[in-house]
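Novice: Residue-level listing of the chains:
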Amino acid sequence: MVVAESKPIEEILAMVADFDKILLTGCKGCVTVCNAGGQKEVGILASALKIARKKEGREIEIEEITLERQCDPEYIDQLEEPIANDKYEAVVSMACSVGPQYIAKRYEDMLVFPALNTTFIGGSLEHGVWAEFCQACGSCGIHNFGTLCPIARCAKSLLNGPCGGSAGGKCEISPEIDCVWHLIYERMSRLGQVDKMANVVMFKDWTTSRDGGPRKIVREDLKQ
Amino acid sequence: MRLNYPSNIKIINVPCTGRVDILHLLKAVEDGADGVYVAGCLEGDCHYVSGNLKAKRRVTYVKKVLEDIGLEPERVEMYNLSAAQGTRFAEIAREFTERIRELGPSPVGSGAKAA
Ligand code: SF4
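For the protein sequence lines, the chains are A and B, in the order given.
Going by the numbering used here, the final residue of the first sequence carries number 515, and the count climbs one at a time with no gaps.
Going by the numbering used here, the final residue of the second sequence carries number 177, and the count climbs one at a time with no gaps.
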């Protein structure tokens, strides 16, 4: 999933400083799963913003709505009614950064702000802990590395690791971070494939990644 | 045992402090409570194993939110005591009331007091 986290509340307060009535929109997709922008977090942020503004003596009206997803235009339709009926001065989106962009595209005259920092593609390690596992390079080759991704999980994205900094299974950048090349070695040993590590992996074709510009997938079988 | 505790304390019963959510605490502050505290069972004594520990983490989270928006984090607190410690209950109520009195009324507004 896309993993995100809340921006510092001071930053969000500064974004809405000029407004007295805003629409705060959550998303029931990835950001609900990573506890950053679901219905519950929308409630918490709304309350925190209201407290801060009451304290300043300038109350803010906040309507809360959590969409099925903010990355599908059909669900942005759920904003139609509140935006048409109420005079919101701005929309604050608690989705990954796709959400605010979709809302801004639909409502050309509306100011739209992101409340989250979209951080990485990853998974949960335990309740409340998430880690990065994928960098969306566009041509997955993890099967060559014991089904572990050195692009996302090695600090240097080495394809022929480890570097000289690997120590005791940890990466040189932090004792908290596993050296993925250590994990790759362990797993390939277990699988009896360690000899494959002697093969030099050639440089990666990055055209499938961001180096080829913004990416798009077109599925003719699904298009209408 | 008939013990007095300050009458400004408004008690909200929950089956276990594990039920106390971040939003409950924030809403109390938003609605003008000068302070809010959670009175949970002693650590290690939770009937549901970790309800009071969860409550403690949520209280810590709310303290951080209050700090970030410039409100005194001391307005929210977690206390641990057993159901048999009536004296301690009254003492905590007095202690917390005193703390809030020193801080003064919440700048958020008037309304319900501590719970
Ligand atoms: S120590 Fe391991 S994970 Fe860290 S940069 Fe070197 S090879 Fe990559």
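Hints were generated in silico from the structure; no laboratory data involved.
These numbers come from a predicted model, not from an experiment.
Glycine residues also receive a C-beta, built at the ideal position from the N, C-alpha and C atoms.
Worth double-checking, as some hints may not be accurate.
Within a straight-line C-alpha distance of at most 25 Å, the following computed BS3-like cross-link-like pairs (lysine-lysine) qualify [what the hints assert, rightly or not]: (1) A:319 <-> B:89; (2) B:125 <-> A:341; (3) A:345 <-> B:126; (4) B:116 <-> A:514; (5) A:447 <-> A:495; (6) B:89 <-> A:487; (7) A:331 <-> B:89; (8) A:378 <-> B:118; (9) B:126 <-> A:331; (10) B:126 <-> A:341; (11) A:331 <-> B:116; (12) B:116 <-> A:298; (13) A:346 <-> A:378; (14) A:396 <-> B:118; (15) B:118 <-> B:89; (16) A:298 <-> A:345; (17) A:312 <-> B:116; (18) B:116 <-> A:346; (19) A:298 <-> B:125; (20) B:72 <-> A:487; (21) B:72 <-> B:126; (22) A:331 <-> A:345; (23) B:72 <-> A:298; (24) B:72 <-> A:319; (25) A:319 <-> A:331; (26) A:514 <-> A:495; (27) A:298 <-> B:118; (28) B:89 <-> A:345; (29) A:345 <-> B:116; (30) A:331 <-> B:125; (31) A:495 <-> B:118; (32) B:118 <-> A:331; (33) A:298 <-> B:89; (34) A:396 <-> A:378; (35) A:312 <-> B:72.
A few chain B residues that don't get close to chain A, going by computed Cβ distances all over 10 Å [to be verified]: (36) 70; (37) 72; (38) 77; (39) 81; (40) 89.
Novice: Now tell me, hint by hint, if it's right for this structure.
Specialist: Structure-based check of each hint:
no. : hint            : result
1   : A:319 <-> B:89  : 23 Å, holds
2   : B:125 <-> A:341 : 16 Å, holds
3   : A:345 <-> B:126 : 18 Å, holds
4   : B:116 <-> A:514 : 48 Å, violated
5   : A:447 <-> A:495 : 14 Å, holds
6   : B:89 <-> A:487  : 59 Å, violated
7   : A:331 <-> B:89  : 13 Å, holds
8   : A:378 <-> B:118 : 40 Å, violated
9   : B:126 <-> A:331 : 17 Å, holds
10  : B:126 <-> A:341 : 16 Å, holds
11  : A:331 <-> B:116 : 16 Å, holds
12  : B:116 <-> A:298 : 23 Å, holds
13  : A:346 <-> A:378 : 24 Å, holds
14  : A:396 <-> B:118 : 42 Å, violated
15  : B:118 <-> B:89  : 17 Å, holds
16  : A:298 <-> A:345 : 21 Å, holds
17  : A:312 <-> B:116 : 34 Å, violated
18  : B:116 <-> A:346 : 28 Å, violated
19  : A:298 <-> B:125 : 17 Å, holds
20  : B:72 <-> A:487  : 69 Å, violated
21  : B:72 <-> B:126  : 24 Å, holds
22  : A:331 <-> A:345 : 21 Å, holds
23  : B:72 <-> A:298  : 34 Å, violated
24  : B:72 <-> A:319  : 35 Å, violated
25  : A:319 <-> A:331 : 10 Å, holds
26  : A:514 <-> A:495 : 31 Å, violated
27  : A:298 <-> B:118 : 23 Å, holds
28  : B:89 <-> A:345  : 13 Å, holds
29  : A:345 <-> B:116 : 28 Å, violated
30  : A:331 <-> B:125 : 18 Å, holds
31  : A:495 <-> B:118 : 48 Å, violated
32  : B:118 <-> A:331 : 19 Å, holds
33  : A:298 <-> B:89  : 21 Å, holds
34  : A:396 <-> A:378 : 18 Å, holds
35  : A:312 <-> B:72  : 32 Å, violated
36  : 70              : 20 Å, holds
37  : 72              : 18 Å, holds
38  : 77              : 20 Å, holds
39  : 81              : 14 Å, holds
40  : 89              : 6 Å, violated
Comparing the model with each earlier hint shows violations of hints 4, 6, 8, 14, 17, 18, 20, 23, 24, 26, 29, 31, 35, 40; every other hint is respected.
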